[in-house]
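Chain order of the listed sequences is V and E.
In terms of my numbering, the first sequence opens at residue 176 and continues consecutively.
In terms of my numbering, the second sequence opens at residue 36 and continues consecutively.
Hints are computed from structural coordinates only; laboratory data are not their basis.
A couple of the hints might just be wrong.
[Claimed, not checked] Keeping only pairs whose Cα atoms sit at most 27 Å apart, straight-line, the calculated DSSO-like set for lysine-lysine is:
#	chain 1	residue 1	chain 2	residue 2
1	E	K69	E	K404
2	E	K221	E	K179
3	E	K431	E	K419
4	V	K355	V	K410
5	E	K404	E	K71
6	E	K40	E	K431
7	V	K305	E	K71
8	E	K404	E	K43
9	E	K40	V	K410
10	E	K221	V	K253
11	V	K184	V	K253
12	E	K431	E	K404
13	E	K165	V	K253
14	V	K253	V	K185
15	V	K411	E	K404
16	V	K189	E	K165
17	V	K355	V	K305
18	E	K40	E	K71
19	E	K179	E	K165
20	E	K404	V	K305
21	V	K411	V	K355
22	E	K431	V	K253
23	E	K43	E	K419
24	E	K404	E	K40
[To be verified] Listed next, the stretches of chain V that the computed footprint assigns to chain E, with coverage defined by at least 3 CB atoms under 8 Å from CB atoms of chain E:
#	segment
25	221-234
26	336-349
[Said to hold, decoys possible] Residues from chain E shown here face chain V by an in silico Cβ test under 7 Å; the list is partial:
#	residue
27	A48
28	R49
29	C99
30	G100
31	I101
32	F154
33	N159
34	D173
35	L175
36	K178
37	K179
38	G190
39	V193
40	H194
No residue lacks a Cβ here, since even glycine has one placed at the ideal position from N, Cα and C.
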Amino acid sequence: MVPDSRAVKKTSGKRKLAVWKFASCDGCQLSLLDCEDELLALAGEMEIAYFMEASSHQVEGPYDLSLVEGSITTARDKRRIQQVRAQSRVLVTIGACATAGGIQALRNFSDVEEFTSVVYAHPEYIATLKTSTPVSAHVAVDFELQGCPINKHQLLEVISAFLHRRPPQVPAHSVCVECKIRGNVCVWVADGIPCMGPVTHAGCGALCPGYSRGCYGCYGPKENTNTASLCHWWKKELGADQATIVENLRNYNAAAPVFARESRRQERPDGEK
Amino acid sequence: MAKSKTIKVDYLARVEGEGALYIRYDDGGVRDVKLKIFEPPRFFEGFMRGRDYLEAPDITARICGICPVAYQMSALHAMEHALGLTPTAELRDLRRLIYCGEWIESHALHIFMLHAPDFLGYDNAVAMAKDHPAIVQDGLEIKKAGNAIVSLIGGREVHPINVRVGGFYRVPTVEELGPLREQLLKARDMAVQTAHWAASLTFPRFERPATDPYEFVALSHPREYPMNEGRIVSTRGLNIPVEEYETHFREEHIDYSNALHSVLVERGAYLVGPMARYNLNYEHLSPLVQQTAEVIGFPPFCANPFQSIVVRSLEVLYAFDEALRIIDSYRRPEQPYLATDPRESSGCAATEAPRGLLYHRYDINDRGKITDARIVAPTSQNQKSIEDDLRHLLPKFLDLPENRLQARCEQAIRNYDPCISCSTHFLQLHLEHDEGRGGAGI
Chain V
176 MVPDSRAVKK
186 TSGKRKLAVW
196 KFASCDGCQL
206 SLLDCEDELL
216 ALAGEMEIAY
226 FMEASSHQVE
236 GPYDLSLVEG
246 SITTARDKRR
256 IQQVRAQSRV
266 LVTIGACATA
276 GGIQALRNFS
286 DVEEFTSVVY
296 AHPEYIATLK
306 TSTPVSAHVA
316 VDFELQGCPI
326 NKHQLLEVIS
336 AFLHRRPPQV
346 PAHSVCVECK
356 IRGNVCVWVA
366 DGIPCMGPVT
376 HAGCGALCPG
386 YSRGCYGCYG
396 PKENTNTASL
406 CHWWKKELGA
416 DQATIVENLR
426 NYNAAAPVFA
436 RESRRQERPD
446 GEK
Chain E
36 MAKSKTIKVD
46 YLARVEGEGA
56 LYIRYDDGGV
66 RDVKLKIFEP
76 PRFFEGFMRG
86 RDYLEAPDIT
96 ARICGICPVA
106 YQMSALHAME
116 HALGLTPTAE
126 LRDLRRLIYC
136 GEWIESHALH
146 IFMLHAPDFL
156 GYDNAVAMAK
166 DHPAIVQDGL
176 EIKKAGNAIV
186 SLIGGREVHP
196 INVRVGGFYR
206 VPTVEELGPL
216 REQLLKARDM
226 AVQTAHWAAS
236 LTFPRFERPA
246 TDPYEFVALS
256 HPREYPMNEG
266 RIVSTRGLNI
276 PVEEYETHFR
286 EEHIDYSNAL
296 HSVLVERGAY
306 LVGPMARYNL
316 NYEHLSPLVQ
326 QTAEVIGFPP
336 FCANPFQSIV
346 VRSLEVLYAF
356 DEALRIIDSY
366 RRPEQPYLAT
376 DPRESSGCAA
386 TEAPRGLLYH
396 RYDINDRGKI
406 TDARIVAPTS
416 QNQKSIEDDL
426 RHLLPKFLDL
436 PENRLQARCE
446 QAIRNYDPCI
456 SCSTHFLQLH
466 LEHDEGRGGA
476 GI
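In isolation and in its complexed conformation, chain E is listed as follows (with noise of 0.2 Å):
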């Protein structure tokens, strides 16, 4: 019988949040492999309850430093989906401009501090920077010009506090955008760099076997590249209202990990996030963006997970086109939200996170008191895709030696941006006594 081998990595590093991997694997292929997340829960939709509807924006954003815009965005939209609300079209533009703001830091923090030094050969962006001093110094200027956007519209960069159910506490006036479009044409060139510079990589060739095709999961909109709005459909014909979300997926309880893992009923895994954005949604990107990808030779599908980061950071580019394009036709709403008034209802959105689909749902009462959230992140999502991607990548790289055979596998994590931190929130609280074990459920 062939000798059984294993990778085991206590505490993955350049991911957001705490997490392990193990695989056992021998000669005959991969026997086991776990993703293990064991960042503590910290019980989100459990103490929900009871809180006042306009609270959600703000708690939710705790879920997650990275990406606290998403948070706000899916809640406020699930609130006003709920109310029967409808934001005007300038507030609606606000919303997208605060979200590419989000994009363009929380990619910008993956492209050049996480995942770059993987296919450089580095331990971190510093080390990095001795070598490559451009590269980081322009990713330290995209990053930000993604914050200053965040700041600007939000308060601060990180749980910004200008974002409400129904709009804006306050929206910025025209002058005030007139400094940041400044700021964002410079980035903006450095994006296109960034794009040709990230396409000059090299990629482990890898792509699914055709027996076990990636199912990619994403909005779809009508007019644009989807932010805030749009159907859920995937590469595998799947096409339905959010409403529907919860008939479709469904979240799944394992031993090992402290977030759920989340599959599609009919198929099991899929896949969210900015390869399932670009491939579902290209022709809907800036004309900009299209012919920097033909320039740099990057097609409209990309299948390789190795290469996301080219695709991060086409959709940096967008965002910066997109930003810039509401900042040129922005007129001052004249009321910073609409009214809102709490009755007994139900509601739910799907927003894109930087990391993919981020589904929020909520009861309210009519005092405006959530009675029950729900909420699946982007990475419960990928949880099961970047398992499978290692139960097919580690028999082509056998050859490789253990300790590159190992870094192989975390930078195929990488790939995903996992948000561990996003990932374990999600669990109700059971609790039974002080030193002992608490539960998890949905």
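Isolated chain V (complex conformation) (with noise of 0.2 Å):
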């Protein structure tokens, strides 16, 4: 997060926040709410400017920082997106559908021809696009917090780093680091229940494991994922079949591009190859 890369001016006094919606639950900027301990302290810091949910005052930008959750899929939000980035300075995404396009980009996938043969009562009222993107697919972006949902310490330390000019510290390893530093017993070796924490990037603090489940990839990709790997021992070890690879690989982040080039891989016919 280089907090003066982009020609928006600075702005005086107290630093402004926007919290911005596209296609999304509200869950990640409901988040910010969450911080039930922080909240008041953070108004304190920042002039919360913009944020629909929470106030109905909205100050005119330029925003120091913008945080963006959702994810782009209509022709509207095409344009309004350009507009948020013209007046961030710093633009942050916040959760699975801002940073890979969200569940919904599971429409990426589908058979058109599937879709468009069920009747509907009034499909000319409706806009969208065939398509769910993230919006680093449209404009730059300065910071990706991954997470369906985000978790909320991690929101804070991106926006305490924003606050102090210093790169946020989200470690981008994997679940499994998470679960060891945990302590929690592998639910693969121990139990054999397939687990996506070897491909997975941390930051909800290895929950699923913590629960007896295994890891469903909600936090999306880690870097250097070896994903083509992970799903021949998920075959090979495990017994997993097609479906439930391909639904662990497509769901939340199904269109992270490595999730994504996997998933398509694992449906060809021929497999792994």
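Join the two chains, each given in its own frame, into one complex according to the hints.
Here is the structure:
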């Protein structure tokens, strides 16, 4: 995150925070309001200038820090994200929708024929794009915070890093590392449960394995994944079927490039080749 | 001819999701009211097809970050209905416990951060905190306690990971519930104070005319305040099992909204949510809640939607009381979940989301893949009532200056705590071309 990388002028006085919503469930912006112990302190540090869900008073841009939730799914939102970028000094995407297209990016994989064969009441009333895309497909993004939903403590870390002009400490390693830190018994090794942990970005604190459940990848891919190898071992060692593998690659971060590529490869009749 | 005026709000603040308001009126009354929902649809019912039945609670949770537990509960009850499973009493209690957590956090968010600023004349809770620090701080503590329940039982506040068809992936130990109990005891005292404070607010005088009363619709259970189970009843005599929901309720698609409008086939508009639950189930509220209602002088039937903030505060108090009852009688289930074995079947369920009745139906095949899904969210069901309220309300407040009239209309919408993110996700995708128009239907 390089706070002065944009042509947008720094505002005088308290720095201005904006929170923007695109196609999403509101859960990531809610994470900000879920910071019950820190919210008022944050409001003391920054001016919450634009946050439709929380306030009926909006301050005009430019904004020093824009948090963007949601993916781009309409022509209107394609234009709107350009406007958001133009008035934001630093733009951070929060969550799987803004960072990877979200669950609604499942449409990107759909068989068009199958969808159109269904009878609709009034298809002409709805305007939507064929794909759901991350914010980075449209504008430059300064930092991406992964997760469905994001971890509120990481969100505070990102905001704090911005305020102190330092890089955010958000580790890019895997959920496996978090499991080791937490002292979880490995659900794959001990119980033979398929787990996405080896390829999934840290941040949740290895929640699912802590609850005797395999990770389902809601934080999206970590850096340098070997997803093909994971799928190979899921099949060979755990007997996972193709449907389970594709379902786990193709959920909340379906359009993240490494997951999308591997799920398409797994779907081919010749499987892993 | 009277000159026509309009109230236009392009983007409603302090509601969840993206909606707009358009009202055209003149001296003769209101000519047109549109609650326009422009939040982009996300087509959950479309892409649920082909997914595994065990994924339904996790996927549908993503419809709404404010009330994910409600989606998880309706989804897993529908799946268990399809598979003929009945959860044990202990598992049933744990589900009620996590639901209490969500009611608390969702209601607290609305009471203190979205709705209270309307009554006290602020733009947001942060501004309100400068003059009313104790209220906002108590509100945050209450919300935090609700989130603590969801986090402990579900793993995290937003999109919990521990809810499973058949039960839970892991059930908490008695010891783990100990610290939570202490936190809830303190927060329950604050909830009593909140009810007193909410009742002391000044409410705009508003009731529906006798010719167009509300029809309140909620679940009703013989022994308890409804959350996960019950028959669907109304104040105008409806009394049906959940299986008959689709015979009595219908969704209409209208041109100005990305959400479907739900109507009762026989009578049209109806209202779900805290007021409906309260009015239809007052006798099942705990003694503490009933006593508190009496002390603050709040009647067992509430017909002024501006007072829904009091009803929410009483439901928060109930949820604390109920959560403590469950914790005090908790015995750890022997098995975290009942074994599930998919077969070709169909099932439905309705539960009480914080904002009201939430209906799910699924068809699954013999491999456990979903072949059809139908979801009706509370806000889809309330849209018509919200518009009707505005129609009745505006003529009563025409003496207000225009900016205050507009604010009053926005407050009337917030009475319902509308969740627009929820309401738009029930349309299936119809693809044409890149920049083109998609489609919708049931």
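Status of the hints after comparison with the structure:
1. E:K69 - E:K404: 39 Å, violated
2. E:K221 - E:K179: Holds. K221 of chain E to K179 of chain E sits at ~12 Å (cutoff 27 Å).
3. E:K431 - E:K419: 19 Å, holds
4. V:K355 - V:K410: 24 Å, holds
5. E:K404 - E:K71: Not OK: K404 of chain E and K71 of chain E at ~35 Å, beyond 27 Å, violated.
6. E:K40 - E:K431: Holds, at about 16 Å.
7. V:K305 - E:K71: 23 Å, holds
8. E:K404 - E:K43: 45 Å, violated
9. E:K40 - V:K410: At roughly 66 Å apart (the allowed maximum being 27 Å), K410 of chain V and K40 of chain E break the hint.
10. E:K221 - V:K253: 47 Å, violated
11. V:K184 - V:K253: With a Cα-Cα distance of about 24 Å, the restraint between K184 of chain V and K253 of chain V holds, given a limit of 27 Å.
12. E:K431 - E:K404: Violated, because 53 Å separates the two Cα atoms, which is more than 27 Å.
13. E:K165 - V:K253: Distance ~38 Å between K165 of chain E and K253 of chain V Cα, so the pair is violated.
14. V:K253 - V:K185: 25 Å, holds
15. V:K411 - E:K404: Roughly 23 Å between the alpha carbons, so the hint for K411 of chain V and K404 of chain E holds.
16. V:K189 - E:K165: 17 Å, holds
17. V:K355 - V:K305: 41 Å, violated
18. E:K40 - E:K71: Distance of about 18 Å is within 27 Å: holds.
19. E:K179 - E:K165: 20 Å, holds
20. E:K404 - V:K305: 24 Å, holds
21. V:K411 - V:K355: Given that 27 Å is the threshold and the Cα spacing comes to 24 Å, the pair holds.
22. E:K431 - V:K253: Violated, because 41 Å separates the two Cα atoms, which is more than 27 Å.
23. E:K43 - E:K419: 18 Å, holds
24. E:K404 - E:K40: 53 Å, violated
25. 221-234: holds (count 9)
26. 336-349: violated (count 0)
27. A48: 4 Å, holds
28. R49: Check passed: Cβ of R49 of chain E comes within 6 Å of chain V, closer than 7 Å.
29. C99: With Cβ-Cβ at 5 Å, under 7 Å, it holds.
30. G100: Holds, about 2 Å.
31. I101: Where the cut-off is 7 Å and the nearest Cβ of chain V is about 6 Å from I101 of chain E, the hint holds.
32. F154: 13 Å, violated
33. N159: 4 Å, holds
34. D173: For D173 of chain E, the interface hint is violated, since the closest Cβ of chain V sits about 11 Å away, which is over 7 Å.
35. L175: Holds: closest Cβ of chain V sits about 4 Å from L175 of chain E, inside 7 Å.
36. K178: This interface hint holds because 6 Å falls under the 7 Å limit.
37. K179: 4 Å, holds
38. G190: 5 Å, holds
39. V193: 4 Å, holds
40. H194: Check passed: Cβ of H194 of chain E comes within 5 Å of chain V, closer than 7 Å.
The structure does not agree with the numbered hints 1, 5, 8, 9, 10, 12, 13, 17, 22, 24, 26, 32 and 34 stated previously, though it agrees with the rest.
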